[in-house]
Amino acid sequence: MAVLPEGDPAPRDGKLPNKGELTKKPFSLYVHVPYCAKRCGYCDFNTYTPSELDREDQISSWLDSAMKETVLAKKVLEDELTIDTIFFGGGTPSLLDGQIVQEFLNNLQRHFHLKDNLEITLEANPDTITKEKSDLWIKSGINRISIGMQSSAKNVLQILDRTHNPENVMNSVSILKEAGFTNFSLDLIYGTPGETLQEWKKTLEDAILINPPHISAYSLVIEPGTKMGSELNRGEIQPVNDDDAADKYQLAEKIFNDNDFSWYEISNWSKPGKECQHNLNYWLGNNWWGIGPGAHSHINGVRWWNHKLPKIWRENLELNQSPALAREVLTEKQIGDERVMLLSRLKNGIKESDFEEKKIDNLIKQNLVLVDSGKIILTVEGRLLADVVFRQLTD
Amino acid sequence: MTVLQGESTLKHAPIIRGKTTRLIVTIEINPAGTTPPELIRNFCVIAHIDHGKSTLADRMLQITGVVEERNMRAQYLDRMDIERERGITIKSQAVRLPWVGLDKKNYILNLIDTPGHVDFTYEVSRSLEACEGTILLVDAAQGIEAQTLANLYLALEKNMTIIPVLNKIDLPAAQPDKYAAELANIVGCKPSDVLRVSAKTGQGVRELLDLVVVEVPAPVGDANAPARAMIFDSIYDTYRGVVTYVRVIDGKLTPRQKIKMMSSGATHELLDIGVISPEPKSTKGLGVGEVGYLITGVKDVRQSRVGDTITDSVKPATKALAGFRDPRPMVFAGLFPIDGSDYPLLRDALDKLQLNDAALVYEPESSVALGFGYRCGFLGLLHLEIVRERLDREFNLSLISTAPSVGYRILMDDGQEIAITNPSEFPSGKVTEIYEPVVKATILTPSEYIGPVMELAQDRRGQMHNMDYLSEDRVEIRYTLPLAEIVFDFFDQLKSKTRGYASFDYEPSGEQVADLVKVDILLHGEPVDAFSSIVHKDKAYSYGVEMTSRLKELIPRQQFEVPIQAAIGARIIARESIRAIRKDVLAKCYGGDISRKRKLLEKQKEGKKRMKMVGRVEVPQEAFVAALQTNADPAAKDKK
Ligand SMILES: Nc1nc2c(ncn2[C@@H]2O[C@H](COP(=O)(O)OP(=O)(O)OP(=O)(O)O)[C@@H](O)[C@H]2O)c(=O)[nH]1
Ligand SMILES: C[S@@+](CC[C@H](N)C(=O)[O-])C[C@H]1O[C@@H](n2cnc3c(N)ncnc32)[C@H](O)[C@@H]1O
Ligand code: SF4
Ligand SMILES: [Mg+2]
Chain W
4 MAVLPEGDPA
14 PRDGKLPNKG
24 ELTKKPFSLY
34 VHVPYCAKRC
44 GYCDFNTYTP
54 SELDREDQIS
64 SWLDSAMKET
74 VLAKKVLEDE
84 LTIDTIFFGG
94 GTPSLLDGQI
104 VQEFLNNLQR
114 HFHLKDNLEI
124 TLEANPDTIT
134 KEKSDLWIKS
144 GINRISIGMQ
154 SSAKNVLQIL
164 DRTHNPENVM
174 NSVSILKEAG
184 FTNFSLDLIY
194 GTPGETLQEW
204 KKTLEDAILI
214 NPPHISAYSL
224 VIEPGTKMGS
234 ELNRGEIQPV
244 NDDDAADKYQ
254 LAEKIFNDND
264 FSWYEISNWS
274 KPGKECQHNL
284 NYWLGNNWWG
294 IGPGAHSHIN
304 GVRWWNHKLP
314 KIWRENLELN
324 QSPALAREVL
334 TEKQIGDERV
344 MLLSRLKNGI
354 KESDFEEKKI
364 DNLIKQNLVL
374 VDSGKIILTV
384 EGRLLADVVF
394 RQLTD
Chain H
16 MTVLQGESTL
26 KHAPIIRGKT
36 TRLIVTIEIN
46 PAGTTPPELI
56 RNFCVIAHID
66 HGKSTLADRM
76 LQITGVVEER
86 NMRAQYLDRM
96 DIERERGITI
106 KSQAVRLPWV
116 GLDKKNYILN
126 LIDTPGHVDF
136 TYEVSRSLEA
146 CEGTILLVDA
156 AQGIEAQTLA
166 NLYLALEKNM
176 TIIPVLNKID
186 LPAAQPDKYA
196 AELANIVGCK
206 PSDVLRVSAK
216 TGQGVRELLD
226 LVVVEVPAPV
236 GDANAPARAM
246 IFDSIYDTYR
256 GVVTYVRVID
266 GKLTPRQKIK
276 MMSSGATHEL
286 LDIGVISPEP
296 KSTKGLGVGE
306 VGYLITGVKD
316 VRQSRVGDTI
326 TDSVKPATKA
336 LAGFRDPRPM
346 VFAGLFPIDG
356 SDYPLLRDAL
366 DKLQLNDAAL
376 VYEPESSVAL
386 GFGYRCGFLG
396 LLHLEIVRER
406 LDREFNLSLI
416 STAPSVGYRI
426 LMDDGQEIAI
436 TNPSEFPSGK
446 VTEIYEPVVK
456 ATILTPSEYI
466 GPVMELAQDR
476 RGQMHNMDYL
486 SEDRVEIRYT
496 LPLAEIVFDF
506 FDQLKSKTRG
516 YASFDYEPSG
526 EQVADLVKVD
536 ILLHGEPVDA
546 FSSIVHKDKA
556 YSYGVEMTSR
566 LKELIPRQQF
576 EVPIQAAIGA
586 RIIARESIRA
596 IRKDVLAKCY
606 GGDISRKRKL
616 LEKQKEGKKR
626 MKMVGRVEVP
636 QEAFVAALQT
646 NADPAAKDKK
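Listed in order, the protein sequences are those of chains W and H. Heads up: the first sequence is residues 4 to 398, going by the working numbering. Heads up: the second sequence is residues 16 to 655, going by the working numbering.
One or more hints might be untrue.
[Claimed, not checked] Not close to chain H: a few residues of chain W, all C-beta gaps over 10 Å, as computed:
no. : residue
1   : 14
2   : 70
3   : 109
4   : 133
5   : 158
6   : 166
7   : 197
8   : 208
9   : 256
[As the list claims (entries may be wrong)] Cβ pair distances, simulated, as ranges:
no. : chain 1 : residue 1 : chain 2 : residue 2 : range
10  : W       : 362       : H       : 541       : 20 to 30 Å
11  : W       : 78        : H       : 619       : 30 to 40 Å
12  : W       : 287       : H       : 603       : 16 to 26 Å
13  : H       : 427       : W       : 227       : 50 to 60 Å
14  : H       : 619       : W       : 373       : 17 to 27 Å
15  : W       : 261       : H       : 553       : 53 to 63 Å
16  : H       : 360       : W       : 226       : 32 to 42 Å
17  : W       : 367       : H       : 360       : 40 to 50 Å
18  : W       : 214       : H       : 541       : 45 to 55 Å
[What the hints assert, rightly or not] If you want the ones that stay clear, here's a sample from chain H, every Cβ over 10 Å from chain W, calculated:
no. : residue
19  : 253
20  : 434
21  : 449
22  : 522
23  : 551
Because the hints were derived from the structure by calculation, they are not lab data. Glycine is no exception: its CB is placed at the ideal position from the N, C-alpha and C atoms.
Take the sequences, apply the hints, and build the full model.
In structure tokens, the structure reads:
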């Protein structure tokens, strides 16, 4: 599993050193649901299968602690805050019963205002979406579902060690539509060892056929410590080929463009107006609180992250303590660097006037960026070399 | 048999075999400084690598009682970590041993254990200089090998007493009769005069010590003349400063005495003087024929040069001792600190190492690719490797070494003549002739491998001179070979072609005109000085292909295509290219973990800062290390 960053110790009461002005920026809530039926071969997210958890830490215990952290958030932030977006991420939040989601959201509204028509996303695995759940989700206010489709090639799903079949995706989308969902997104992964360009093209076309308002396409990272990481070490699979991944990215860009999708972040494309508001808040440097084991939060230059283990997270909350493990109070320089790192990934770009002309000219010459209405914007080549652009901009 | 070149001085007294029981005498009967020369025997042990010199020394340390049973460890005198790890002797070591001779007199034996590897022949010849006799040891399971002969010739040149001894007779594979005959043949004695011992079990070692007393002449010197002592080694010790090892020829050295270095005229006071037995022990002095150490408190390591003569400053001798021929370095390589700020430390460390390693030479060098460092000369690749390792271990210096090269003499069209030790100094003007160093090489091999050996030597541009049968099934073949062709992987190849049975020795033997070219390696059109090499015309192409393909694997992709070329002058002989990088982005969903991502980017930026720029190309330090390492690697295997 991905390790957490290193940081300073976080205080027991969760108090912030300086929470600053809170109401001036959008505020989001991230809710982490760290449970999966089975761990996928590539996944290093903070998630657990039933056999990895003690009885008292199974998914059934989640709601109680999650509600406690809601109370803590309210206590720490004090102000009468309005939540602009909510995102249930995982793990597999779609494993939660509809009632639990409902109860969590009801409780939330006792402590926070929710903006009218706010975006509430829930991540779902295709093989966990049922009619009952969908009805309850929509009733409780969920209005966006992000579906982990990954690929429409059976052999690729097999290498990724996913539990679902290609057909599951179509079916679950019908179920969701029937329940009344109009806003949903598909997650795709490209560059899996053994995936041909043809297979990726087919995945893209199949995704387009489903006609979602939003698609994320991620380049596979084989993380150490995962099942695929070991397969790589043992030489059973090839490493991800960067040239192949670049070809696939460019193919995706082309097919999405041809079908009225437009990129708005390096790995995200949407129909006009259907950008994921929650994720945009991350990239725009806005504030959010992350509830759940291992969840990250950011409030005006302070970042912190919770203990990863559900047990420690729960036990802290039961003692009325903050489940935060560590935090980082960003320096001006770090805030500046993060701004560049995050904003430069967006189609909206970053202000040209913040940088030396020479640097920008250089990047333009390398065909990595273009400048439009005073904003530096990545070209397709630049999106694939975004880290190079970042290094040159912050040099 | 045409091997013997000098007159053997071996005149054997009857060898006494059988058991003699004797008390081990550990009380100092002959304290240093007062031992009469006629009771002193100075001798060393010489042999081919691994034939058991250090193990024999172990038994002598034990039998004479200077090392107690519980303090004993194998190869006691191999004191350096590198020696112990590699199981080879690098530095000669002298020890003083008490021994009661068959005539019941209390003798003092000064034993010097020497290294066997060809790179350290210079150590052997200096050790011989401090002795009147030598034990020539031969592994009874291997027989005579190339360094047996080389070391024998050294001893013969000095006209010293040679005691032939067969070792490892405990081994089931030992063939003492066969090899006693072989040994007798080259030394010029009767096979029955060859003593048989086992350094492992101790069998025959007492008899050997008795024989040393009988055979080795006592040192001769004038006790009343002004003091003269020969510096045969010098080391820098962190605690004690410079420690100098000497053999007294005339007169006497005593504590507090004011001494003078005859080459420089510098004077010092003797703060401590003593013997090694086997740890340093202060004494009241050192007299004629004695071997020991002295400390003057001098910090400047250059003040105590090996080969210099020490005399009394008040009553100095008029004539210095002959001194040593400075060893000529055979291979050269640049040593560059990985961290540029270590450059002054490297200088200091080389100064200190040189004190103990007279064969090491160096001068400042700067490289476009590697920054500031030193061009160093070594006796061979093992020597290079040992120096690099000692710099790393003893001085904590991480270094890159460039591809080793031999020295060349170049005649230019305009009559100018240049000597170079670095391919990057190769002149750009019109060259009429290039001279390369050659060696006289001796290869000993079982006769069944003559074919493959000759093939290999031919491939390495060898010129065969003659071939002699040492015995029915073993031959000695002599070649002239270009030094550049043998320093790298020749020995490895020889071993693999003869299933490990051949041995090999060489000595410098002038130079020859050769058809050589300089191959440059260009990165994106920029020559990388550290990768240039001077090679024979016929091998230029394969060098170019190997280097370019190796670099292709080692240099990370850049934002533009990077051609890697090998060129002779303006002519490209090999080419590879590193395609432009197309993807360098974290394109995975990281959710809210922005700290981790920022840190990753910060780390990337740090990594970029440590890159060396060759023109526009960023080359990681490790790529230089790896690209250059493989060239020197055979040295690691070359040690045996
Ligand atoms: N069986 C047996 N093995 C021996 C004997 N003498 C030495 N050896 C072994 O031979 C190997 C080499 O011994 P060393 O004493 O290190 O040889 P050396 O001649 O000092 O080697 P260099 O200093 O590297 O030239 C070691 O493994 C010893 O244990 C012996 O009499 N009998
Ligand atoms: C927070 S994850 C989990 C969502 C959900 N549990 C699922 O797997 O369908 C969101 C997305 O990140 C992507 N992802 C996860 N691990 C990845 C990896 N190692 N490399 C690339 N993308 C990855 C997958 O597309 C996944 O759907
Ligand atoms: S379902 Fe999603 S979160 Fe769970 S293991 Fe698979 S990729 Fe990871
Ligand atoms: Mg030895």
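### Query
With d taken as the least Cβ-Cβ distance between residue 256/W and chain H, does d exceed 10 Å?
holds (12 Å)
### Query
Between residue 287/W and residue 603/H, is the Cβ distance one that fits in 16 to 26 Å?
holds (20 Å)
### Closest CB of chain H to the CB of residue 109/W still more than 10 Å away
holds (24 Å)
### Task
For residue 619/H and residue 373/W, compare the CB-CB distance with the range 17 to 27 Å and indicate the outcome.
Check passed, 24 Å falls within 17 to 27 Å.
### chain H versus residue 14/W - minimum CB to CB distance exceeding 10 Å, so not interface
holds (18 Å)
### Range hint compliance [Cβ, residue 362/W to residue 541/H, 20 to 30 Å]
Taking Cβ atoms as reference, residue 362/W and residue 541/H lie about 24 Å apart, which means the hint holds.
### Query
Should the label of residue 551/H as a non-interface residue stand, given a Cβ cut-off of 10 Å to chain W?
holds (39 Å)
#### Entry: residue 261/W paired with residue 553/H, Cβ distance criterion 53 to 63 Å
holds (58 Å)
### Query
Once the closest CB in chain H is found, is it more than 10 Å from residue 166/W?
Non-interface label on residue 166/W holds, nearest chain H Cβ at 19 Å vs cutoff 10 Å.
### Message
Range first: 30 to 40 Å. Now tell me if the beta carbons of residue 78/W and residue 619/H are that far apart.
### Response
holds (39 Å)
### Message
A cut-off of 10 Å on Cβ-Cβ distance, and residue 197/W was said to be off the interface with chain H. Does that hold?
### Response
holds (18 Å)
### residue 70/W non-interfacial with respect to chain H [C-beta, more than 10 Å]
holds (20 Å)
Of the numbered hints listed earlier, not one is contradicted by the structure.
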